[in-house]
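Make a model of the complete structure from these sequences and hints.
If you read the sequences in order, they're chains Z and S. For what it's worth, my numbering labels the leading residue of the first sequence as 68, then goes sequentially. For what it's worth, my numbering labels the leading residue of the second sequence as 20, then goes sequentially.
Simulated from the structure, these hints should not be mistaken for lab results. Don't take each hint at face value.
Said to hold, decoys possible - Pairs of lysine-lysine, DSS-like flavour, derived with a Cα cap of 30 Å:
1. 509(Z) - 93(S)
2. 957(Z) - 913(Z)
3. 893(Z) - 913(Z)
4. 390(Z) - 504(Z)
5. 62(S) - 534(Z)
6. 457(Z) - 509(Z)
7. 690(Z) - 746(Z)
8. 504(Z) - 93(S)
9. 547(Z) - 23(S)
10. 186(Z) - 202(Z)
11. 23(S) - 457(Z)
12. 547(Z) - 509(Z)
13. 62(S) - 390(Z)
14. 893(Z) - 690(Z)
15. 457(Z) - 534(Z)
16. 93(S) - 457(Z)
17. 547(Z) - 534(Z)
18. 741(Z) - 913(Z)
19. 457(Z) - 62(S)
20. 957(Z) - 893(Z)
21. 913(Z) - 690(Z)
22. 62(S) - 93(S)
23. 62(S) - 23(S)
24. 390(Z) - 509(Z)
25. 23(S) - 93(S)
26. 93(S) - 390(Z)
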Amino acid sequence: MSDEMDEIWALYQDDGSQSLDAMEAALLALQDDPTQEGASEQIGALFRAVHTFKGNSRVLGLATVESRAHVSEDLIGLVRDEGVPLDDEIIDVLLLAGDVLRDMLEETSATRADVDPAKSEDLMAQLQDKIARCKGEAPAEAEAQAEVAVVEDVPAEAEVVETQPEQEVAEAAAEPVEEVAEIAPEVAEESDEEPVEALAEPASAADEWDELLEENEPVADAPVQATPQQAMPARRLVDDPSYRKIFEGMIDDCIGKLQAAMGGFAEDTEAAEKKVKRALGDLSHAAGQLGLDEWVGVLDAFARDGLAEGTPPEESVAQMILKIEELAVVDLGRGEVVDAFDGDGNFFDELQPSLVVLSTIGLDWSVGQAPEAGAIAAETDRVSSLARSKGFVRVADFAGRLAQSETVADYRQTELRLYEELSAVESVLLQEAQGGKFSPTKLLRNWCADHAFDTLEAIDAALDGLKRDDERDAHYSSLKRQMRLVFHACSHHELETAGQLAMSLVDLFSRMETSGRAPDSILTHIARGYIDTLELVFDALAQGEIPDTQNLEILFEQASNAAFLSEGLMTATAIERRLSLPEEFHRVLSPESVRAASEAIDDGQNFYIISTDINEHVELAEKFLDWVASDHVTNITNVTVFRDGDTLFDFLVASPLDESEVVAGLSEMDPAGKLVSLKLALHDSAAESSGGAKEGSASEEETASTQAMAMPAEMLETLGEVAATQAMVHHMLSELGHGDIVGQISSLFQQSGGDIARARSDVLAMMSEFSAKFHEAVQVETQLVSQLTDLQEQTVAMRNRPVELLVRPLEALVASITRRNRTETKLTYTGGGIQIDVTLMDTLRKVLRAVITSRLSDAETAPNSMHVVFVRDEERVQVTLEDDVDNQGKRFLTDDAIEMVSAAGGTIREVDLPRSGVRYHISLPLSMVVLEGMAVGYEGVRYVIPVDSIKSIVQPDEGSVTSISAADGTKMLRVDEGALVPIYRLSGPVDGAQVGRQSAVGKRDIFVIVSTGNGQLAIPVDELQGQQLVLLRPLKGVLRHMRNLMGTALLAGGEVGMVLSTSSIGEDIDRAA
Amino acid sequence: MPHKVMIVDDAAMMRLYIASFIRTLPDFTVAAQASNGQEALDKLSELDDIDLILLDIEMPVMDGLEFLRHAKLKTRAKIVMLSSVAVSGSAHAAKARELGADGVVAKPSGTVSHDLEEKSGEELARTMRDLLVAA
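Here you go:
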């Protein structure tokens, strides 16, 4: 849409510039010789140029610009239409106006906002002053009433219409300058907020009106043929049938807009109010031109004050609609407008006598007094006739059926149906109903409330009948009918949810009926629950108590999910939650959609929302629909989105394709990305929390899916064991903790009566028992640690994926790019079997994607083959991507790729190969892996040293630390074998200078000797905390930039330890050496 | 004589697809199309022989529910709400029934799709036929 606006503004600037050029050219030509032959053509051209400029400014909501152009136009109009001589003063002020407007054009084109009116007030004053003097008014007065005076000075508006070739003078009458200035800020504000709307709406109303008028008016620049003094007798434009027809169309358009706006007040009062005012403004504009002053007064007054009162805006607008309809009847002799009742009296009041008679007949009949022949028909004919005259065919039909009733039961049922139809009429003719004394809706609801228990009983019977499955159609029919009556009863008691549930059940049973099946047990259960609950509710109401309606909410939820539950599906709500679907996709998933989504979730597919503007682009629509119908995309559902008057669709799709592939696919359809674009990539929260598979081939996906299904159960079992063991430990420790050992010993001594040997023996026995319990607790705690370790390993295993799952989408990407660029590149790989965490995999995928996309972007240097090698060591995953074509000095490593790698704590390099081709080295630290670590403390900081890298832990003599003078005093540790190992200090910035440079080495008496790949290091530590399995977490935040660390880990006791990367330290030391 | 159907949907594509689906049903014919409720009301006042209206809910100018409210007074045509938001038992479906929709059929998953006939066509056709037979 922004591109469209760009075009519109560019057009505005271009057109405006041309108009102002034309204005200037005409003025200069006239300046040379105002009386020249063809001067009238020049004046006509001048007028049109300014008129066009004014119109364009108006379209873009530039009220100040428009007002200046408008007054300029008025001045030209006086010359063109009223015989005012074109003097130098007019030419000068118009040239000034041209300059000012040109400045405004530049400014507004740049800022896309209206200009400050203050800057052009001087011009306005000059123009208004000149207009006033041309018309013989005093300047002061002119300032206040310039525009009104244009018309007031003319004897009759109709004369202006008849005699002036251009309607703008009349238009000016409807738009006093002051008023334009007054609304300017609002218009500008609207322009900012709703540029397209502001553009679209005038084009469909006022501008259309102007165009229509122009089509019907005399040629604008035709020679002036009559002056006001020579005018024809007064005749209003409204008397012209063609104008009237156009105007009537505008009335309908306006009413339609008002009705549409009424529905918008609840959502956005301000926007709805603007729409109302705009619609009324357009109509007022047209009414003014037709000379319908009363309309202008009414419409403008409402636009100004109508919504400022305390009355609800919907009601005010409804009254305004009625007023417009009344005016249309009075001034245009219009008959029925929309739903206005065109009878002399109130429709419902006129029906009432007949309905009373019909009701009495029904009552009498029900007590055995059959109606006399023709008594019913006499009244129903009247009802039919009245209804038919208004086009209410269904009311007429049911009145007719009433006359044909053969039994009293039939009669009463049909009478109810008649009232239902009348109630429907009442819901549309609100004003009519409110103005009358008789409300069929109230009567209907009262009756249904009075008979609610009977109705519920009838529903119960129908459910029984459906259960028996005899006469299914009749039972369905009865059930639906009675449910409607329940709905009316609920409406009587203002039980909104209950009423809604009744209609939900009608819907569910109707669909079941259409499917040709008997209702399933879930639906029957809901329906029975409903009538049981309602019985209690109605009973409570009858007793004057507050009913408990909580169960209704639950039932309604069940009803909403009935279609899913009955098919054993995940509910729509569950899908909404799992995928975190945006609001617009809530409550729109059908059972089919839910089924498709469930299957896609099980398959580990990705979900996307794709925004499309294809309603008017058939060819693109075809392409898109082909795409969503293709094998690799599943269309789940779509929703309609209204934006700036356009109808758009948002599609929810599932696909094994990853985000970049989807984007690539969409780009092929719509390279500019204006009409079809990826709006959102969704994530299955449940899969993420359980590490569900996201990528892979079909078989791998199947495996991953199976794992995803199986592992949670396994984990749950382990968790259960952990919880049980933990409870046992807690119980044991509590027991031990609560034992009063000192008290017991004291007691034993007392009981021994001074027999120390006995006391000692008793105490030993007690302590032995205590010790046994303590050891038992320790054993159980050890078991607990083991279970937790299992759990941790299971979790990690669940998150691990073979890295080759990356390759397939990469191959697809390569194929897609090469197809587009008409090149050919083959992607191969080795080392695909290594397992890495899904998060790391995701990072690696994005990095490789960025690198490959960039490398293949240049068709000239696109390689013929690319080979990826995946390698994983204890700390990192190393990937090299190598190709075979010279890059001609170009660099393809993008900032995106560098940033992604850096964010993950890794490195990436681009290296030109000696022969030809490029190699990328990508190194990313492993994350979310479990490793066995030795927790150590050094200068108050906790570290974890991977156990696999530890060669030994020593407590050497002080003499074992040697200073190597040849190595600039570096301290080394002599280990058992006699070899010298560099000492590496942990704290402080890590670099080569740290090696051995610690003055206090002598105070440290514990060294952890680690392998670095190329050698060994001795790391002094203050304490050894012990060995434990730790979950390696990636470095985040500021820690991300710390070197020689693999990540962090949570240690026993809750402390966070930094996990050392011994290989990285080794590399640093090598470099330093 | 095939039953005459009016399609009311703001999406031109959807109208196109529904119309092409209707053309596969020998007992129905598309007699009119409208892009919003107001337009449909206008056409309805000119065409008094429409048997069935297939109606979308979400439309500009006048939505399907508002159209339903008005149209049900003045036409005997059966009105089937064909909407993706009127899922079985949902609030939208309930409202449509309340206002007198004779049938409510959820648009197929992937509403604007080639496989309308395949996915929801059967249900739609059955609903249309049931309603007209019942009438």
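Right, here's what the structure says about each hint:
Among the hinted pairs, residue 509(Z) with residue 93(S) is consistent with the structure: their alpha-carbon atoms are about 22 Å apart, no more than 30 Å. At roughly 22 Å between alpha-carbon atoms, residue 957(Z) and residue 913(Z) fall within 30 Å of each other, so this suggested pair holds. A C-alpha spacing of about 19 Å is found between residue 893(Z) and residue 913(Z), which places the hinted pair at or below 30 Å, so the restraint holds. As the CA atoms of residue 390(Z) and residue 504(Z) are separated by approximately 22 Å, the hinted pair is consistent with the 30 Å bound.
At most 30 Å may separate the alpha-carbon atoms for a hinted pair to count; residue 62(S) and residue 534(Z) exceed this at roughly 44 Å. Only pairs whose Cα atoms come within 30 Å are accepted, and residue 457(Z) paired with residue 509(Z) is accepted, the gap being roughly 22 Å. Between residue 690(Z) and residue 746(Z) the CA atoms are separated by roughly 18 Å; this keeps the pair inside 30 Å, and the hint holds. Of the pairs offered as hints, the one joining residue 504(Z) and residue 93(S) holds, with about 24 Å between alpha carbons and a cut-off of 30 Å not exceeded.
Straight-line distance between C-alpha atoms of residue 547(Z) and residue 23(S) comes to about 27 Å, which keeps the hinted pair within the 30 Å bound. Among the hinted pairs, residue 186(Z) with residue 202(Z) is consistent with the structure: their alpha-carbon atoms are about 26 Å apart, no more than 30 Å. Under the criterion of a C-alpha separation no larger than 30 Å, the hint pairing residue 23(S) with residue 457(Z) is consistent with the structure, at around 24 Å. At roughly 21 Å between alpha-carbon atoms, residue 547(Z) and residue 509(Z) fall within 30 Å of each other, so this suggested pair holds.
Proximity of residue 62(S) to residue 390(Z) is assessed by CA-CA distance (about 26 Å); at most 30 Å being required, the pair is judged to hold. Proposed proximity of residue 893(Z) and residue 690(Z) is supported: the alpha carbons are some 28 Å apart, at most 30 Å. With a C-alpha separation of about 44 Å, the suggested pair residue 457(Z) and residue 534(Z) falls outside the 30 Å cut-off, and the hint is violated. Only pairs whose Cα atoms come within 30 Å are accepted, and residue 93(S) paired with residue 457(Z) is accepted, the gap being roughly 9 Å.
For a cut-off of 30 Å, the pair hint linking residue 547(Z) to residue 534(Z) stands: about 15 Å separates their Cα positions. Annotation: proposed proximity of residue 741(Z) to residue 913(Z) holds, straight-line Cα distance about 24 Å (limit 30 Å). For the given pair, residue 457(Z) sits about 17 Å from residue 62(S) by alpha-carbon distance, which is consistent with the 30 Å threshold. Note on residue 957(Z) and residue 893(Z): the hinted pairing holds, with a Cα-Cα distance of about 21 Å set against a maximum of 30 Å.
This hinted pair checks out: residue 913(Z) and residue 690(Z) have alpha carbons roughly 27 Å apart, not beyond 30 Å. The suggested pairing of residue 62(S) with residue 93(S) holds, with an alpha-carbon distance near 12 Å, which does not exceed 30 Å. A C-alpha spacing of about 13 Å is found between residue 62(S) and residue 23(S), which places the hinted pair at or below 30 Å, so the restraint holds. With a C-alpha separation of about 27 Å, the suggested pair residue 390(Z) and residue 509(Z) falls inside the 30 Å cut-off, and the hint holds.
This hinted pair checks out: residue 23(S) and residue 93(S) have alpha carbons roughly 17 Å apart, not beyond 30 Å. For a cut-off of 30 Å, the pair hint linking residue 93(S) to residue 390(Z) stands: about 24 Å separates their Cα positions.
The structure is inconsistent with the numbered hints 5, 15, although it conforms to all the rest.
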